[in-house]
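Asker: Take 59 as the starting number for the sequence shown in this note's numbering and just add one per residue.
Treat each hint with caution, since some may be false.
Pairwise CB distance ranges (calculated) [stated by the list, open to error]:
no., residue 1, residue 2, range
1, Val90, Gly126, 25 to 33 Å
2, Cys122, Ala79, 27 to 35 Å
3, Trp111, Leu80, 39 to 47 Å
4, His117, Arg87, 20 to 28 Å
5, Gly126, Gln106, 20 to 28 Å
6, Ala83, Arg125, 33 to 41 Å
7, Leu80, Arg102, 28 to 36 Å
8, His67, Ser121, 47 to 55 Å
9, Val77, Trp104, 39 to 47 Å
It is worth saying that the hints were derived from the structure and are not from the lab.
Since the model is a prediction, treat every value here as computed from it, not as a measurement.
Cβ coordinates follow ideal geometry from the N, Cα and C atoms, glycine included.
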Amino acid sequence: MSDTLTRTHTELDVLTEAVEALREAEELRKAVRASGARLRALCRLWDQTAGLWGTAPYHLEQSCRARGLIT
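All chains should be modelled from the sequences, with the hints used to inform the complete structure.
Answerer: This is the structure we're talking about:
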């Protein structure tokens with residue numbers, strides 16, 4: 059078992075660890091939002107470049123796989 063489960067915690071210990079976890083979760087949410095924005099921009103660019111309309115991120119993934127760029 060991990061140390062977290064076996065030792066006795068105070069309320070302050072738990073809240074201090076929660077703050078760390080909450081900060082980490084917020085950073086991950088920010089990263090996901092940034093990644094989504096980047097993919098949406100690439101979808102629009104792909105539409106313009108390939109003469110398409112309505113490209114979604116999974117379309118980009120399929121195109122990359124079809125060209126052997128993702129294995």
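Asker: Are there hints from earlier that the structure breaks, and if so, what are their numbers?
Answerer: Hints that this structure does not satisfy do not exist here, as all of them hold.
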